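There are 2 protein chains.
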Amino acid sequence: MQDKLDQLKSHLARVRDLELVNSVLEWDMEVLMPEGAAKSRADQTATMEALAHQYFVDEEIGSLLDELRDFESSLPFDSNEASIIRVNRRDYEQQVRIPTHLVEELARHRSLSYHSWMKARQQKDFSIFEADLARMIDLQKQVAAALSDGGNPYDALLDIFEPGMTYEKIDTVFSGLKPNLIKLVEAITANKDRVDDSILRFPLSLDKQEAFAREVTAKFGFDYTKGRLDFFNGHPFETHFYQGDVRITTRIEEDYPAGALMSSIHEAGHGMYEQGVSLDLYRTRLDNGASSSIHESQSRFFENVIGRSRPFLKYWYPKFQQITTPNLDNVDLDTFYRAINKSEPSLIRVDADEVTYGLHVILRFELENDLINGRVKVSDLPKEWNSRMKQYLGVTPPDDSKGVLQDVHWSAGLFGYFPDYLLGTIFSVQLWEQMKKDIPDVEAQIERGEFDQVLGWQRKNVHVHGKKFTLPELSERVTGGPLRWEPYMNYLQAKYSEIYRL
Amino acid sequence: MQDKLDQLKSHLARVRDLELVNSVLEWDMEVLMPEGAAKSRADQTATMEALAHQYFVDEEIGSLLDELRDFESSLPFDSNEASIIRVNRRDYEQQVRIPTHLVEELARHRSLSYHSWMKARQQKDFSIFEADLARMIDLQKQVAAALSDGGNPYDALLDIFEPGMTYEKIDTVFSGLKPNLIKLVEAITANKDRVDDSILRFPLSLDKQEAFAREVTAKFGFDYTKGRLDFFNGHPFETHFYQGDVRITTRIEEDYPAGALMSSIHEAGHGMYEQGVSLDLYRTRLDNGASSSIHESQSRFFENVIGRSRPFLKYWYPKFQQITTPNLDNVDLDTFYRAINKSEPSLIRVDADEVTYGLHVILRFELENDLINGRVKVSDLPKEWNSRMKQYLGVTPPDDSKGVLQDVHWSAGLFGYFPDYLLGTIFSVQLWEQMKKDIPDVEAQIERGEFDQVLGWQRKNVHVHGKKFTLPELSERVTGGPLRWEPYMNYLQAKYSEIYRL
Numbered sequence: 033m034q035d036k037l038d039q040l041k042s043h044l045a046r047v048r049d050l051e052l053v054n055s056v057l058e059w060d061m062e063v064l065m066p067e068g069a070a071k072s073r074a075d076q077t078a079t080m081e082a083l084a085h086q087y088f089v090d091e092e093i094g095s096l097l098d099e100l101r102d103f104e105s106s107l108p109f110d111s112n113e114a115s116i117i118r119v120n121r122r123d124y125e126q127q128v129r130i131p132t133h134l135v136e137e138l139a140r141h142r143s144l145s146y147h148s149w150m151k152a153r154q155q156k157d158f159s160i161f162e163a164d165l166a167r168m169i170d171l172q173k174q175v176a177a178a179l180s181d182g183g184n185p186y187d188a189l190l191d192i193f194e195p196g197m198t199y200e201k202i203d204t205v206f207s208g209l210k211p212n213l214i215k216l217v218e219a220i221t222a223n224k225d226r227v228d229d230s231i232l233r234f235p236l237s238l239d240k241q242e243a244f245a246r247e248v249t250a251k252f253g254f255d256y257t258k259g260r261l262d263f264f265n266g267h268p269f270e271t272h273f274y275q276g277d278v279r280i281t282t283r284i285e286e287d288y289p290a291g292a293l294m295s296s297i298h299e300a301g302h303g304m305y306e307q308g309v310s311l312d313l314y315r316t317r318l319d320n321g322a323s324s325s326i327h328e329s330q331s332r333f334f335e336n337v338i339g340r341s342r343p344f345l346k347y348w349y350p351k352f353q354q355i356t357t358p359n360l361d362n363v364d365l366d367t368f369y370r371a372i373n374k375s376e377p378s379l380i381r382v383d384a385d386e387v388t389y390g391l392h393v394i395l396r397f398e399l400e401n402d403l404i405n406g407r408v409k410v411s412d413l414p415k416e417w418n419s420r421m422k423q424y425l426g427v428t429p430p431d432d433s434k435g436v437l438q439d440v441h442w443s444a445g446l447f448g449y450f451p452d453y454l455l456g457t458i459f460s461v462q463l464w465e466q467m468k469k470d471i472p473d474v475e476a477q478i479e480r481g482e483f484d485q486v487l488g489w490q491r492k493n494v495h496v497h498g499k500k501f502t503l504p505e506l507s508e509r510v511t512g513g514p515l516r517w518e519p520y521m522n523y524l525q526a527k528y529s530e531i532y533r534l
Numbered sequence: 033m034q035d036k037l038d039q040l041k042s043h044l045a046r047v048r049d050l051e052l053v054n055s056v057l058e059w060d061m062e063v064l065m066p067e068g069a070a071k072s073r074a075d076q077t078a079t080m081e082a083l084a085h086q087y088f089v090d091e092e093i094g095s096l097l098d099e100l101r102d103f104e105s106s107l108p109f110d111s112n113e114a115s116i117i118r119v120n121r122r123d124y125e126q127q128v129r130i131p132t133h134l135v136e137e138l139a140r141h142r143s144l145s146y147h148s149w150m151k152a153r154q155q156k157d158f159s160i161f162e163a164d165l166a167r168m169i170d171l172q173k174q175v176a177a178a179l180s181d182g183g184n185p186y187d188a189l190l191d192i193f194e195p196g197m198t199y200e201k202i203d204t205v206f207s208g209l210k211p212n213l214i215k216l217v218e219a220i221t222a223n224k225d226r227v228d229d230s231i232l233r234f235p236l237s238l239d240k241q242e243a244f245a246r247e248v249t250a251k252f253g254f255d256y257t258k259g260r261l262d263f264f265n266g267h268p269f270e271t272h273f274y275q276g277d278v279r280i281t282t283r284i285e286e287d288y289p290a291g292a293l294m295s296s297i298h299e300a301g302h303g304m305y306e307q308g309v310s311l312d313l314y315r316t317r318l319d320n321g322a323s324s325s326i327h328e329s330q331s332r333f334f335e336n337v338i339g340r341s342r343p344f345l346k347y348w349y350p351k352f353q354q355i356t357t358p359n360l361d362n363v364d365l366d367t368f369y370r371a372i373n374k375s376e377p378s379l380i381r382v383d384a385d386e387v388t389y390g391l392h393v394i395l396r397f398e399l400e401n402d403l404i405n406g407r408v409k410v411s412d413l414p415k416e417w418n419s420r421m422k423q424y425l426g427v428t429p430p431d432d433s434k435g436v437l438q439d440v441h442w443s444a445g446l447f448g449y450f451p452d453y454l455l456g457t458i459f460s461v462q463l464w465e466q467m468k469k470d471i472p473d474v475e476a477q478i479e480r481g482e483f484d485q486v487l488g489w490q491r492k493n494v495h496v497h498g499k500k501f502t503l504p505e506l507s508e509r510v511t512g513g514p515l516r517w518e519p520y521m522n523y524l525q526a527k528y529s530e531i532y533r534l
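Same order as they appear, the protein sequences are chains A and B.
Under the working numbering, the first residue of the first sequence is numbered 33, with each subsequent residue one higher.
Under the working numbering, the first residue of the second sequence is numbered 33, with each subsequent residue one higher.
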């Protein structure tokens, strides 16, 4: 049977190479490809995705996965071997249902609609993107129809990014959180003058911002011999082509140095996750973060739970004062801490604070469900977006670039991905509660600028496992129970009651 | 039959995508990949090359090429359709002889030996590279054996880069040139004090060097919406993933601004060639420079024939004086012209002047022939290299990094490529002689900074045809006769007799 497993692994290695090569193409496309290459890159990624798909859904892989059922049962659930078989079977059963021509068409349309979305956003004109988005939603419906055995078609898309998750399961969590978030937002809004973040707005040279972002992320444990940080003007993101080749990007605004810093920490959180996946899983298709939720649990853990905490700032703020002198010379730690945690309803999700963030996600989650189920028409989307923003956050976008056009996801065919931002955020706090139990003096360590145990804990409990476990499985393993929204809400309540003296 | 051609083209499109994607991987590897990725990138390129090869030598392509023979004969030789069939048949008949496992092994070994070559060069220690080079030569011999029907095995390798070329044919050209070059080198050496290039050695900030390189190359016609110029510390090169995605790189030395400038022009010459290939040839495998010789005819045309000429400098030198002020304020155009054309036997091929350059190439050509035919042992290579350098150029490398380890080519498996540098250089002058006939006032145009007709002439006569014609075919078409070394030697003689007052 070891023989059959080796055969399976050799098939998977080729598929994985093709998947990772395609990621190189996409990184290049976003970070540095010249505009004249849009057409060719669309062809290239379409060919690569079709091939990766074709080789993965190969009948031989199907037979091997079948033949390995008994062998898998004989092994511990959490062994690498059993997991390689189990997780690849799950993916196989999903992907085998999607016809190769649809994969290819999606890849091609993604490249095209990415460009029309970019143009629409730049020109603040939704109509430029409308037809491509409608086509993308149509393609997504085709994917959902191929994957689904009935029920809500949105469930099939959610399952791609977070296996086992359905609209109903997620809605149960979000429905618990939503009224509490709205109440907290109202309480903060009523006391909004108690925090002033205007002290964060001052210019700092790009060079200094870059150097500081590199220093902080390296200290956390992002290994620059196994990755890169690039600064560019697009949507910040992380991608990886190997545990030893992890690329993160950040957008720098000259007038808001705290922004690039926090964004770098966020992406480094994703990056350290990928760098920490066991090398034993290389080319098995489990050499990857487990899911988008768990990925987000890492990025938002390092950005918010740690990066916007008093202990972290106690160590780093004096250094930040030094490189930004004289701008913050007379701003004490407490004032800076409160400023960097200011909560205020705003238009852009990626810039949203910890309290309002969840509502941005819930809005998208609900809208996606309505779009896929045909209850909202694409032509009505800007209107619908704006009316829900008003309802949840009390703000109205002045134009679509700050509204429905702000996120790259839909142009990239990522429907069903948004809820994972909030699921991951919720999980990040559940991990933090567990970490504090396991490392009682963790906050004192962070105050001293010691991050080895923090990273080590995530390495051991989350990173090393790669894609072996789902969110429910990992939650059970690490925290002894299922995902719960209450610890997250308690964390927000405590943190913001103190900041806003509620 | 149009139907069969369409089928062929759809097969070729996939192959071409895979080839171009592999070029993205290689560009990334050389320009910005982190060191931790060496292993994964070797796996990825091996998988890609094996797939591209496997899909290209597919039996169906073979049958289609067969079935299209009559159709091809019915079409004009220089039509796109006939050329697509003819050139792909030639490549097919070559590649089908190389077993896929050898392609994969070569790709993998190339990644490994690239790294051991780098290390050997850094540590100036040939022994670090010796075993990998020996293995590479062994693999090259296997390729030659697979391709060859007898005769000199080196011919089979030469034919890969310059179809139809053999050791004997090239030797005929080089043997005519060699004694003349040696004589000219001797005459210049006897008068070496007549030109002083120390005025070129002064520091200039990297920013200014980059900006000027971009300005000059853009003015020549390199289109930055369809390409990039990156500055990095490795061997300068050009690569392309589409006519609209051409990447060139340059190495900058802070203390020698003329170096980065000339190197940028050289690479832009390659780049403009690729940008100018007819879009009708996209994804046909003819969307590519014709051969390495013809490629070099373009880069060395723009770098030397134009870039080191009086008319060019008449326009650009005042601008160069401005950005380098005060260093060249008191250096007149004639002094600068002579300095930038100084000829002196030296160690490094890529830094060699126009006169000595050919001897560097001839040395490699002869050595490769001896290596492939087993007349020189790998362990004797440094000794052999140094003794021939002494004989041809009168200089001896102080260590192997400035001798046998200086070029990347052998580590990359490029045996049979070197002679094309000189063949292309020879052809660049033959093109220039023709251009002067076709555009009588071309030098006056260049003096005025007008390059449209220069580029337009190359576009129309060379670029647009892509890979349709071989060097002999193109030479015949454009200059009305075969490749001849005499115009090149006359050009050198005239230029250098004037500069050195011989």
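Note that these hints are calculated values from the structure, not bench results.
Please note that the accuracy of each hint is not assured.
If chains are identical, the list can't say which one is meant, so a pair holds when it fits in one copy or spans any two.
Claimed, not checked - In silico lysine to any residue, SDA-like type, Cα no more than 25 angstroms apart, as pairs:
| hint | residue 1 | residue 2 |
| --- | --- | --- |
| 1 | Lys-258 | Glu-518 |
| 2 | Lys-240 | Asn-265 |
| 3 | Lys-71 | Leu-534 |
| 4 | Lys-434 | Asn-265 |
| 5 | Lys-351 | Gln-34 |
| 6 | Lys-258 | Ile-160 |
| 7 | Lys-240 | Gly-208 |
| 8 | Lys-36 | His-133 |
| 9 | Lys-240 | Val-63 |
| 10 | Lys-415 | Asp-255 |
| 11 | Lys-258 | Leu-64 |
| 12 | Lys-224 | Thr-198 |
| 13 | Lys-258 | Gln-423 |
| 14 | Lys-215 | Pro-358 |
Model, not experiment: these values are computed from the prediction.
Comparing the hints with the structure gives:
| no. | hint | result |
| --- | --- | --- |
| 1 | Lys-258 <-> Glu-518 | neither (37 angstroms within a copy, 52 angstroms between copies) |
| 2 | Lys-240 <-> Asn-265 | both (17 angstroms within a copy, 23 angstroms between copies) |
| 3 | Lys-71 <-> Leu-534 | neither (55 angstroms within a copy, 55 angstroms between copies) |
| 4 | Lys-434 <-> Asn-265 | within (16 angstroms within a copy, 41 angstroms between copies) |
| 5 | Lys-351 <-> Gln-34 | neither (54 angstroms within a copy, 70 angstroms between copies) |
| 6 | Lys-258 <-> Ile-160 | between (39 angstroms within a copy, 23 angstroms between copies) |
| 7 | Lys-240 <-> Gly-208 | neither (43 angstroms within a copy, 59 angstroms between copies) |
| 8 | Lys-36 <-> His-133 | between (30 angstroms within a copy, 22 angstroms between copies) |
| 9 | Lys-240 <-> Val-63 | both (21 angstroms within a copy, 24 angstroms between copies) |
| 10 | Lys-415 <-> Asp-255 | neither (45 angstroms within a copy, 41 angstroms between copies) |
| 11 | Lys-258 <-> Leu-64 | both (20 angstroms within a copy, 12 angstroms between copies) |
| 12 | Lys-224 <-> Thr-198 | neither (36 angstroms within a copy, 81 angstroms between copies) |
| 13 | Lys-258 <-> Gln-423 | neither (45 angstroms within a copy, 45 angstroms between copies) |
| 14 | Lys-215 <-> Pro-358 | neither (38 angstroms within a copy, 68 angstroms between copies) |
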